[in-house]
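K.L.:
With the numbering used here, letter number 38 in the sequence shown gets 38, and the count goes up by one each step, no holes.
No lab work stands behind these hints: they were computed from the structure. Each residue gets a CB set at the ideal place from its N, CA and C atoms; glycine is no exception. Take the hints with a grain of salt, since some may be wrong.
What the hints assert, rightly or not - Straight-line distance between alpha carbons at most 25 angstroms, and here's what the computed DSS-like set of lysine-lysine pairs gives:
1) Lys-4 with Lys-81
2) Lys-58 with Lys-27
3) Lys-42 with Lys-27
4) Lys-4 with Lys-58
5) Lys-205 with Lys-179
6) Lys-249 with Lys-179
7) Lys-200 with Lys-58
8) Lys-27 with Lys-124
9) Lys-13 with Lys-152
10) Lys-182 with Lys-249
11) Lys-42 with Lys-81
12) Lys-131 with Lys-152
13) Lys-297 with Lys-152
14) Lys-4 with Lys-27
15) Lys-124 with Lys-13
16) Lys-249 with Lys-152
17) Lys-42 with Lys-4
18) Lys-124 with Lys-42
19) Lys-27 with Lys-200
20) Lys-58 with Lys-81
21) Lys-260 with Lys-174
22) Lys-131 with Lys-42
23) Lys-131 with Lys-83
As the list claims (entries may be wrong) - FRET-style restraints, in silico, Cβ to Cβ:
24) Asn-236 with Lys-27: 38 to 46 angstroms
25) Glu-281 with Lys-124: 33 to 41 angstroms
26) Asp-299 with Ile-9: 43 to 51 angstroms
27) Pro-175 with Gly-39: 46 to 54 angstroms
28) Asp-176 with Asn-313: 17 to 25 angstroms
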Amino acid sequence: MSSKLIVDIFPSKSLEGNPLGDPSTRKLPIYVPPGYEEGDQKYPVVYILVGFAGRGQKLLNDSFWDENMQDRMDRLIGEGKVKPMILAFPDGTSRYGGAQYLNTPAQGNYQDYILEIVDYVDSKYRTLADKDHRSIAGFSSGGFSALHFGMKFSNIFSMIACHSGDNYFEMNYKPDIPKFCKYYEKAGPEGLMDLLEDPKAAIRKGTSFYALAVAAMAACYSPNPDSPFGFDLPFNPNTGELHPEIWQKWLDHDPVEIVKDHTEALKSLNLLFFDCGIYDEYNLLYGARILAERLEKLDIPFQYEEFEDGHRNTEYRYAVSLQAISDAISD
1 MSSKLIVDIF PSKSLEGNPL GDPSTRKLPI YVPPGYEEGD QKYPVVYILV GFAGRGQKLL
61 NDSFWDENMQ DRMDRLIGEG KVKPMILAFP DGTSRYGGAQ YLNTPAQGNY QDYILEIVDY
121 VDSKYRTLAD KDHRSIAGFS SGGFSALHFG MKFSNIFSMI ACHSGDNYFE MNYKPDIPKF
181 CKYYEKAGPE GLMDLLEDPK AAIRKGTSFY ALAVAAMAAC YSPNPDSPFG FDLPFNPNTG
241 ELHPEIWQKW LDHDPVEIVK DHTEALKSLN LLFFDCGIYD EYNLLYGARI LAERLEKLDI
301 PFQYEEFEDG HRNTEYRYAV SLQAISDAIS D
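Sequences are here, hints too, so could you generate the full structure?
P.N.:
As structure tokens, this is what we get:
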């Protein structure tokens with residue numbers, strides 16, 4: 001018996017007519033474990049959200065240096081470390097790179113899109129279709145989003161795993177502000193508009209990827225349909241000075257700032273796992289430590305790990321979170 005990777009084509013109603021004109025029909029890779037096709041057993045499901053500017057199928061690519069997710073899951077099941085589970089790998093990309101799996105009028109309804117996929121998977125595959133057998137995990141922007149789904153939808157997901165998730169925006173995003181200002185010094189509003197119209201072409205011509213990332217985050221956290229860009233920057237691009245009222249809109253999405261508002265939902269989870277590399281290039285280690293401290297003060301159960309690595313190429317950490325998820329699943 002062997003596992004199988006099925007690439008569904010999923011037409012999303014939630015993404016129809018999105019403001020950037022991004023496709024609403026997308027590939028949805030599904031991993032089914034060994035024995036799925038030969039039997040009638042039902043399985044837990046893990047939804048895995050990749051980071052900014054990545055699609056779910058990225059985790060399934062062949063790699064000379066590491067296992068892809070199918071090989072990793074096969075090994076973990078074969079070693080008896082993980083129960084057989086179904087894995088789903090959504091595509092949450094947008095023209096700007098991604099919308100943090102949030103609903104935003106500047107990019108589209110990506111939160112609804114993920115919830116739509118949950119209903120679809122339960123309807124098509126033999127799943128244990130209840131929250132105690134449903135998990136959501138992710139890395140970087142995907143880890144941030146997994147935390148948000150745990151806070152908002154603990155009635156749907158009971159197990160959350162966040163790898164190096166966006167946290168503590170004061171240290172995570174603020175360092176990118178001067179980088180954006182340097183870009184804006186040369187590009188001006190016309191250059192920014194060109195970047196938003198065709199990011200691929202602008203980046204190939206040498207535009208900083210950080211400029212796109214800042215704009216994409218503004219489209220997530222401070223959208224404004226009345227702005228020519230569709231969003232408000234939380235700072236003056238000429239001076240770098242913060243606009244406190246707009247910056248607060250960003251902080252209203254920061255896990256370390258809003259965890260106190262979701263105490264009961266987080267306490268109801270069967271698993272809240274998160275980790276971070278001690279050399280993380282985006283300062284996410286400090287946000288993870290702050291989150292751990294605040295969770296402890298709120299008496300919210302969690303598992304937190306630090307590991308000796310940076311931010312990139314750490315997909316091997318899914319071996320840890322998948323085992324934690326498996327251990328938390330009720331038989």
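K.L.:
Confirm or reject each hint.
P.N.:
How the hints compare with the structure:
1. Restraint check for Lys-4 and Lys-81: satisfied, since their Cα atoms lie roughly 19 angstroms apart, inside the 25 angstroms limit.
2. Restraint check: the Cα-Cα separation between Lys-58 and Lys-27 comes to about 12 angstroms, which is no more than 25 angstroms; the hinted pair holds.
3. A threshold of 25 angstroms between alpha carbons decides the hint, and for Lys-42 with Lys-27 the separation of about 23 angstroms falls inside it, so the pair holds.
4. The suggested pairing of Lys-4 with Lys-58 holds, with an alpha-carbon distance near 16 angstroms, which does not exceed 25 angstroms.
5. For the hint pairing Lys-205 with Lys-179, the CA-to-CA distance comes to about 17 angstroms; that is within 25 angstroms, so the pair holds.
6. Of the pairs offered as hints, the one joining Lys-249 and Lys-179 holds, with about 21 angstroms between alpha carbons and a cut-off of 25 angstroms not exceeded.
7. At most 25 angstroms may separate the alpha-carbon atoms for a hinted pair to count; Lys-200 and Lys-58 meet this at roughly 18 angstroms.
8. Between Lys-27 and Lys-124, the direct Cα distance comes to roughly 15 angstroms. Compliance with the 25 angstroms bound is thereby established for this hinted pair.
9. At most 25 angstroms may separate the alpha-carbon atoms for a hinted pair to count; Lys-13 and Lys-152 meet this at roughly 21 angstroms.
10. Between Lys-182 and Lys-249, the direct Cα distance comes to roughly 24 angstroms. Compliance with the 25 angstroms bound is thereby established for this hinted pair.
11. For the given pair, Lys-42 sits about 19 angstroms from Lys-81 by alpha-carbon distance, which is consistent with the 25 angstroms threshold.
12. The suggested pairing of Lys-131 with Lys-152 holds, with an alpha-carbon distance near 13 angstroms, which does not exceed 25 angstroms.
13. Simply put, Lys-297 and Lys-152 have alpha-carbon atoms about 20 angstroms apart, close enough for the 25 angstroms limit, and the pair holds.
14. Pair hint Lys-4 plus Lys-27 holds up; C-alpha atoms about 16 angstroms apart against a cutoff of 25 angstroms.
15. Between Lys-124 and Lys-13 the CA atoms are separated by roughly 17 angstroms; this keeps the pair inside 25 angstroms, and the hint holds.
16. Distance restraint check for Lys-249 and Lys-152: the Cα-Cα separation of roughly 17 angstroms lies within the 25 angstroms cut-off, and the hinted pair is therefore satisfied.
17. At roughly 15 angstroms between alpha-carbon atoms, Lys-42 and Lys-4 fall within 25 angstroms of each other, so this suggested pair holds.
18. With a C-alpha separation of about 12 angstroms, the suggested pair Lys-124 and Lys-42 falls inside the 25 angstroms cut-off, and the hint holds.
19. Among the hinted pairs, Lys-27 with Lys-200 is consistent with the structure: their alpha-carbon atoms are about 21 angstroms apart, no more than 25 angstroms.
20. A distance of roughly 24 angstroms separates the Cα atoms of Lys-58 and Lys-81; the hinted pair therefore holds under the 25 angstroms criterion.
21. Between Lys-260 and Lys-174 the alpha-carbon distance is near 23 angstroms, which keeps this suggested pair within the 25 angstroms criterion.
22. About 14 angstroms separates the Cα atoms of Lys-131 and Lys-42, which keeps this hinted pair within 25 angstroms; it holds.
23. A C-alpha spacing of about 17 angstroms is found between Lys-131 and Lys-83, which places the hinted pair at or below 25 angstroms, so the restraint holds.
24. In this structure, Asn-236 and Lys-27 meet the distance hint of 38 to 46 angstroms, their C-beta atoms being roughly 41 angstroms apart.
25. Under the hint 33 to 41 angstroms, the C-beta atoms of Glu-281 and Lys-124, about 39 angstroms apart, fit the expected range.
26. The beta-carbon spacing between Asp-299 and Ile-9, approximately 45 angstroms, falls within the hinted interval of 43 to 51 angstroms.
27. For the hinted restraint 46 to 54 angstroms between Pro-175 and Gly-39, the CB-CB distance of approximately 51 angstroms keeps it satisfied.
28. In this structure the supplied range 17 to 25 angstroms holds for Asp-176 paired with Asn-313, their Cβ-Cβ distance being about 21 angstroms.
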